[in-house]
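Work from the hints to combine the two standalone chains into their complex.
Those protein sequences? They're chains A and B, same order as listed.
Residue 302 in my numbering sits at position 302 of the first sequence, with consecutive numbering throughout.
Residue 62 in my numbering sits at position 62 of the second sequence, with consecutive numbering throughout.
These are calculated hints, taken from the structure and not from any lab test.
Since the structure is predicted, the reported quantities are computational estimates derived from the model, not experimental observations.
There's no promise every hint is true.
Claimed, not checked - For lysine to any residue, the following SDA-like pairs were computed, each having C-alpha atoms within a straight-line distance of at most 25 Å:
id	chain 1	residue 1	chain 2	residue 2
1	B	Lys55	A	Lys166
2	B	Lys55	B	Glu119
3	B	Lys157	A	Pro54
4	B	Lys55	A	Ala41
5	A	Lys166	A	Asp142
Residues per chain are reported as follows:
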Amino acid sequence: MNDADVDRTLEHEVRAILGEHAPSAPPSHLLHRFEDSARRARRLPRWLALSKEPTMRIESQLAVGSPTARGVAVLTATLLLALALAAIGVAGQRLLAADQVIVVAQDGSGDHTAIADAVEAAVDGDTIFVRPGTYAESVVIDKDITLAGEGDVADIVVSAPNDGPKARVRKDGGSEAGYAFHLIDSNADVSGLTFSGRPSQVLVTGGSPTIHDLVMEGVDQGDTLDVGGSISIGGGSTATVRDNRIAGGASIMTFDASRPIIERNDLRETSGIYGYFGDGAVVRGNRIWRPAGSGIRSMDPADIEISANEIVDPSSWGIELAFGPGAEGTTVTVSDNTISGAEIAALSTAGLDGLEVTGNTFRGNGTAVAWNADHGLIADNIIEDGAAGIVISQGAPEVRRNSIAGQTGRGLVVGAATSPTIADNRSCGNNENFFLDPAASPRLDGGNYFCPDGLPT
Amino acid sequence: MQRELVERARSGDLAAFSDLARDSLTRLYAVATLILRDRDRAEDAVQDALLHAWKSVHALRDPDAFEAWLHRITVHACYRSARKERRRVAVEVHEVPDPSSPAHPDPSAWMGDREQLFEAVGRLPIEQRAVLVVHYYLDYPLSRTAAILDIPEGTAKSRLHLGLSALRRVLHDDAVAMATQAGEGMA
Numbered sequence: 001m002n003d004a005d006v007d008r009t010l011e012h013e014v015r016a017i018l019g020e021h022a023p024s025a026p027p028s029h030l031l032h033r034f035e036d037s038a039r040r041a042r043r044l045p046r047w048l049a050l051s052k053e054p055t056m057r058i059e060s061q062l063a064v065g066s067p068t069a070r071g072v073a074v075l076t077a078t079l080l081l082a083l084a085l086a087a088i089g090v091a092g093q094r095l096l097a098a099d100q101v102i103v104v105a106q107d108g109s110g111d112h113t114a115i116a117d118a119v120e121a122a123v124d125g126d127t128i129f130v131r132p133g134t135y136a137e138s139v140v141i142d143k144d145i146t147l148a149g150e151g152d153v154a155d156i157v158v159s160a161p162n163d164g165p166k167a168r169v170r171k172d173g174g175s176e177a178g179y180a181f182h183l184i185d186s187n188a189d190v191s192g193l194t195f196s197g198r199p200s201q202v203l204v205t206g207g208s209p210t211i212h213d214l215v216m217e218g219v220d221q222g223d224t225l226d227v228g229g230s231i232s233i234g235g236g237s238t239a240t241v242r243d244n245r246i247a248g249g250a251s252i253m254t255f256d257a258s259r260p261i262i263e264r265n266d267l268r269e270t271s272g273i274y275g276y277f278g279d280g281a282v283v284r285g286n287r288i289w290r291p292a293g294s295g296i297r298s299m300d301p302a303d304i305e306i307s308a309n310e311i312v313d314p315s316s317w318g319i320e321l322a323f324g325p326g327a328e329g330t331t332v333t334v335s336d337n338t339i340s341g342a343e344i345a346a347l348s349t350a351g352l353d354g355l356e357v358t359g360n361t362f363r364g365n366g367t368a369v370a371w372n373a374d375h376g377l378i379a380d381n382i383i384e385d386g387a388a389g390i391v392i393s394q395g396a397p398e399v400r401r402n403s404i405a406g407q408t409g410r411g412l413v414v415g416a417a418t419s420p421t422i423a424d425n426r427s428c429g430n431n432e433n434f435f436l437d438p439a440a441s442p443r444l445d446g447g448n449y450f451c452p453d454g455l456p457t
Numbered sequence: 001m002q003r004e005l006v007e008r009a010r011s012g013d014l015a016a017f018s019d020l021a022r023d024s025l026t027r028l029y030a031v032a033t034l035i036l037r038d039r040d041r042a043e044d045a046v047q048d049a050l051l052h053a054w055k056s057v058h059a060l061r062d063p064d065a066f067e068a069w070l071h072r073i074t075v076h077a078c079y080r081s082a083r084k085e086r087r088r089v090a091v092e093v094h095e096v097p098d099p100s101s102p103a104h105p106d107p108s109a110w111m112g113d114r115e116q117l118f119e120a121v122g123r124l125p126i127e128q129r130a131v132l133v134v135h136y137y138l139d140y141p142l143s144r145t146a147a148i149l150d151i152p153e154g155t156a157k158s159r160l161h162l163g164l165s166a167l168r169r170v171l172h173d174d175a176v177a178m179a180t181q182a183g184e185g186m187a
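Here chain B stands alone, though its shape is the one from the complex (with noise of 0.2 Å):
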């Protein structure tokens, strides 16, 4: 159905076109979403994914690779808008992984706590965070990860690793400045 959807689209078919970004419409808003972190943002980078995808989508020569297709074009839909938001993003983004920092701090300080997780996604660079989304929240493997994000398989997987790791970073900070405030409130 969904080839017949496109081969259709590829042939001028505004409709068909309509039917398929409809299918994909939630999931591309929410990568837009996780990855912007502001709605308004993610809801511009959409648009410009869908014209640009209905202009080019002659370029589409494997109709079942639509979606990933869909989604790699609005990954760098959302890159474009971070782009011309460069200020606000310089001063989002921004834990780099100390090296001489514990590797594993006790998860047993953080775990539980997801907004504050979310918090720290959120603080790390859009390019770490695209891994994040498109590996995790999408569900692709890594090669297909790589292939979206149109970068070396090497790349996604040495981001994906820095990502995580500020992320036990930052998490570990955390835990370390609670428990040294419960210490001296106990004090």
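Okay, chain A solo, but in the shape it has when bound (with noise of 0.2 Å):
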């Protein structure tokens, strides 16, 4: 036998094999079992079709798919794994960039001498540490980066030029005015520095940074409530301004509608904490002493929550809350505070609608209580060695527990066209302990103790 008949014999030995050894049947449940799953099946579009499968050609005729869909499919593909590989690779270099800490020194020793520098090296995620010198710089933050003085907070000044580059702090209005650092948009966390000199405010405008252990010493605007304090808060922000010590110059103020927590800071002869704020802002547990003018000061209507502040006399008012129009619906609360030598009043109020007044240590203040709201709560208050105690002008408030004791003018006054519930209040001590106008028409309660007038001897 030669090869090529082994050839012929071996395929034709195959050949006849695959047959015998081929089954006869399929399963007779097989074909069913396919129908109950395609009934199931979602057919594939034709474009989709065309594009997936596999061309087949058929005496070089195109049976089967198409190359042209094909190849769009697979150039789109191509483009979309391409364009992915780039995300994830901008991505992954964001990641191993993220993290890392710039030093700045002005003696050289760290990686960069100026904090803008070192800023515009970041990137979000990184930490910046300032170490002791002066830094005469006005500096942009708009990355989501922690900046941190490294050694003595006195040691670390920033300072910006006079003729530094200037911003508005108002969205809508006011004049312009310098700034050491103005963070734009930023979730920062800024702390450990000192600010001084009057063009160095801290700016925020928009974002929720956090601005912490920060020492602010004569930073001024001057006069012009627009131009800024020494940290000034504005574009809606919700920053948190916490554990500061500023002192002289300018205050911490707010601007369009924004709503940060203003927390533990201690502000001395300073212009206190005032501004235009929005619904949500918090301040609280600030020791503010000696401010020019208010304590704390809010001029337009929002839900805000003043509380756990220590204000020491103050020039004029401890806490002023003067509204403009559109305060319905609004309610302060302002509750535990302490306010001790207010020229004017403790808490003068105008224009409000809800106020709860309750838990306040009230003395030594003009008057303790002025109150101008609709309606609310003035309760479990402590008032002390003042001229006045609660004075109440306007709406229909609920007056409830109060101690009032010592004043050299009334206790409790209740006011010409008002409507107060009063209960359980004591008022001794007071030259004139109740005073009722009549054209007033309170309702009392009960539990009231008013003793007879005059202070004690």
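Shown next, in the form of structure tokens:
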């Protein structure tokens, strides 16, 4: 047998054995099984079927699929893949670059000698440490970074140049002013620095940064309210401003219905905390010593919490709430504050709708509570040694469980055209413990104790 | 008739597709069984193939190519099934022709022992086995076999040659072993 014979024989045998071993019939259920599945299956649209199915040519004729559709699909998939890889690359690069530490040192021992250069080099997530020195800079921060002083805060001073750039503090008006830091839509964490000199305010526009443990010395924008304070918060920001020490000059100011949390700051001989707050703003636990004007002042209607602050010797009001039109539906909470030595009043209100004044201690003020709100609560306050206690000039508040003593004038005054509910109060040791205007219509719910008029001798 | 059924199937007529599938089912199942050597897996492969074909019947441009296309889908379903069973396949496959061995042993040693030959086919790599099944069982010419397997015609020829050579080699070794055993027995 030659080669060809062997091959022919082998082929013949293969053909035969395949035929012999091929099953004569498929299982009877196979077609039914397919039909059940097919009824539940979704058929591909023509374009997708054409692009997914590999082409098949029979006698050079295209029998199945579409090279064009397949080419377009492959090209599209390639482009999408390239885009995805590029996105992953960019993200990866940023991830790799993130969280680095950058050191600023004026003596050249760090990565940069200027804060602005370090901020420029940083990406979100980075930390910048600033070593001692005096940095005459105006820095824009528009990244989510941490920027902290490294060393004694008194030795790390940022002082904006007088001829530095300026920015507008209010969105809709006001003049431009200088700044040391301008945080724009940033969630940065800034701490451990001293800001010194008139134009060196920290200006926040939008974002939700945390500004803490700073020292501000003599940062003053002058007498014009619209150009900012030591720390100015605008653009609807939800900044947290805490544990800062501000001495002299301007205050912490808020614009554009921003909703900051301002807490545990120590302000000495500044113009206090004031501005145009938005709903949800919190002013809590601050110590405000001898502010020029008011300790805390809010000038736009908004739901604000003012609590646990200590305000000492304000030259006019401790807390001044002077709302314009649009106060309907708002409620301000004034609770657990201690206010003493206010020249005019510890709490002065005008144009409010809802107000709750609870748990405060007012001592040695002109008037403790000058109430001008439509409704609310004055409860559990301790009022001592001032000129007047609670003076209700508007609305129908509930006046409950207050203790008023030692006023050189009147303890509780119910003015004309008011209709408060008065219960469980004690007013004793005042020159006049209870004054009721004949035109008032109070509801006395009982439990009140008004001593005979006259200061104790 | 088949053209009309294909056209109806392309327009979403499942009954028409089922008629087409019924006509082809015996051969599809046979192809899958011969390639996979396992009736359960063959059944699954045919099921997969039919479902794929039903979902993608839009892709068929020439209704006359329906059956060849169905065969191609079935072979590829077998490949997928084999990949799933990679470990088993790995021990199934495995004779590579040895160029130094005799190219054409004495055919008289194995002619007539078809079980032995069938076992040898089963030990071929699945790609070579598929070429044998499509070419010899379905009786397609090599050009169409290549089209069905989605490979160049040269590759189809090469796999066919390798497959047949491997069969010759395996069968030769078996024949030698049998002769040796017979000789020892006589001694």
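Each hint, compared with the structure:
Between Lys55(B) and Lys166(A) the alpha-carbon distance is near 67 Å, which puts this suggested pair outside the 25 Å criterion. Restraint check for Lys55(B) and Glu119(B): not satisfied, since their Cα atoms lie roughly 36 Å apart, outside the 25 Å limit. For the proposed pair Lys157(B) and Pro54(A), the alpha carbon gap of about 21 Å is at most 25 Å, so the pair holds. A distance of roughly 7 Å separates the Cα atoms of Lys55(B) and Ala41(A); the hinted pair therefore holds under the 25 Å criterion.
Note on Lys166(A) and Asp142(A): the hinted pairing holds, with a Cα-Cα distance of about 16 Å set against a maximum of 25 Å.
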